[in-house]
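Novice: Chain by chain, the residues run as shown.
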Amino acid sequence: MISDIRLRLSAALCCSLLGACSGASVSTTDGVSVDLWAEVTQSAQADGSVPRAETGPKHVTTSEGIRITLDSAYLVLWQLALKSDCSGSNFAPAPWWLGWISNAYAHVESTPWQSGIPQIIDITSAEGTTQWLDTLNPTPGHYCGASVQIKAADDDANGLDTAPHMEGYSVYLQGSYLQDGQNTPFTVASSKTLFPAERLFPAALIIDSEHKSGAVSFALHYDRWFDGVDLRLLAQGDIPDSLLTNIVNSISATAD
Amino acid sequence: MKTVRPERAVAATAVAALLGSTKALACATCLCGDPTLTSMGSEIPFAGRKRISLAYLRRAETVGSAGINQRELKEQRLELGGSYWLSDKWALGARLPFVEKELTDQSLRTLRTRAAGDLSLDARYVLQRDGFGRSTATGLQLSLRLPTASEAQRDGEVLDTDVQPGRGLWLPTVALWHTRTAYPWSLFSSLSYTADVDEGFDGYRFGGAWRLNVQSQYALSYATALQLGANARLSGKDRYDGTDDDNSGGFILMLAPGLIQQLGTDTVLNLSVQIPALTDLNGEQSEDPAWQLGLTHDF
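Heads up: the sequence lines are chains Y and R, in that order.
If you're matching positions, the first sequence starts at 2 in the working numbering and goes up one per residue.
If you're matching positions, the second sequence starts at 16 in the working numbering and goes up one per residue.
In isolation and in its complexed conformation, chain Y is listed as follows (with noise of 0.2 Å):
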């Protein structure tokens, strides 16, 4: 009895002495993620199709017919950010209202639901085609909904080595509009921090230990950008707050 327990405990000195001289095992076990998306489309026509456009200048023509080509076009998205609890007034199955709030900075928080990552999201890219932006990793939950907020970008935001110039800006746009058969060139850009766009998905994205992965993806309808809009602010450098307005209830959400 008691050599045997000695001899236990001599192999339990072996083995702990040879793990000491070891370096540690790891192993680890995905958790939940939620990957983020941005896509640059335009609004399904009436027989429910979505026009696709190439990379390079944008063509959209506004609810007043006029015609708009934008040669340059960026956007910075910030705080994109997974909700459950969509009770707040602000949130809607499709934009309403929004506005912008200042010209403040303040640098976001990475949290498990939300991106601190600044983007700035090209207009001339490819239609059709989704960005990736970031993952989370939230708590198993339901989500009902997303919000994004647009803001200037600050030094680390990504995009900026093609992009360098939206330094200090969330919204650049540089064109031209084609209005009484004169074409009248615009370059216009705006450091405003927008009010945040906070969506309804058309269907919640449930998340549990069965279902570990989700996506949700901010479309960005530019062709309903210019909509309403006095263009002679435009060609005078200013940007009108109905096109801001314009440029946030133009994003929607949708999540797999």
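None of these hints come from the bench; they were simulated from the model.
Positions of the beta carbon are idealized from the N, C-alpha and C atoms, including for glycine.
What follows is a set of in silico ranges between Cβ atoms, one per label pair, in the way DEER data are often shown:
#, chain 1, residue 1, chain 2, residue 2, range
1, R, D303, Y, E211, 22 to 32 Å
2, R, W306, Y, G24, 23 to 33 Å
3, Y, D31, R, G298, 19 to 29 Å
4, R, F266, Y, S111, 31 to 41 Å
5, R, S301, Y, S26, 26 to 36 Å
6, Y, G57, R, E172, 33 to 43 Å
7, R, E172, Y, G169, 30 to 40 Å
Cut-off 25 Å, straight-line C-alpha distance, at most; resulting in silico cross-link-like pairs (SDA-like, lysine to any residue):
#, chain 1, residue 1, chain 2, residue 2
8, Y, K213, R, V78
9, Y, K193, Y, D123
10, Y, K213, R, R127
11, Y, K213, R, D170
12, R, K89, Y, G24
13, Y, K213, R, T77
14, Y, K213, R, R124
15, R, K252, R, Y208
16, R, K89, Y, D31
17, R, K89, R, D175
18, Y, K213, R, S122
19, R, K89, Y, S28
20, Y, K193, Y, R225
21, Y, K213, R, D177
22, Y, K213, Y, D135
23, R, K89, Y, T30
24, Y, K213, R, E87
25, Y, K213, R, N84
26, R, K89, Y, T29
27, Y, K213, R, E117
28, R, K89, R, S165
29, Y, K213, R, Q85
30, Y, K213, R, R86
31, Y, K213, R, T125
32, Y, K213, R, E76
33, R, K89, Y, P141
34, R, K89, Y, G142
35, R, K89, Y, T112
Here the structure of chain Y is known, so what remains is to put chain R in place on it, guided by the hints.
Specialist: Relative to the frame of chain Y, chain R by itself:
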């Protein structure tokens, strides 16, 4: 006053010493209790005693707010220990744990590490012995936890402090202890302070901790005893990146009922569970009951 026949007292002291040798596995993770009790014992010491011990501990704790940032840590450790009494006054000991940790965050992501932990060296000194059969003793103890555990990394990134098998720092603990035996009863108590002298892995600094440990034991027979312990800890907040960790530190008192069984002349098995009884921990923290199993053999 109750009188005890000398031969009965001597026998009782010997049995109590044997049973007492493992009566307080206490907390091998230094959470609560006195981690040296299994390896060095709590009985009245005598010169030349050599001991080897094996202690298993299983515990879990939860930190953070449910549904927001809650993290659960599960830990198992197998600690090998040994000690030697150089004289009636001096003893030296060492402990080496093999640690398995599992940390699950709010997103159900789980990190597991398995490795040898930090080696601890202990020195115990008897200041005073009293009573017939030397039934009481008081002394000092100094322990030093060495940064022997390797830093756990994955893909070049250092893992979270909570899942590290060691702490990556020198951690001294000084304690005052007292033991008393009067068969069938015995009592061991200690008060210790672990200093936060340095930063560990990833710059994490643990808060200093006071620990009060009281272990009582009642022998049902010469081979079996019941024990009841009270293990309290009062610790400061941890610090990371220059700021306090609000979900760290505070006060906790655990009650630890247990059973001790003698397996042979010099071998003792101990089973106990630490149950949180009174907590005033900072922020969002909770600790589950900790199960402990110990085996010692004297030479």
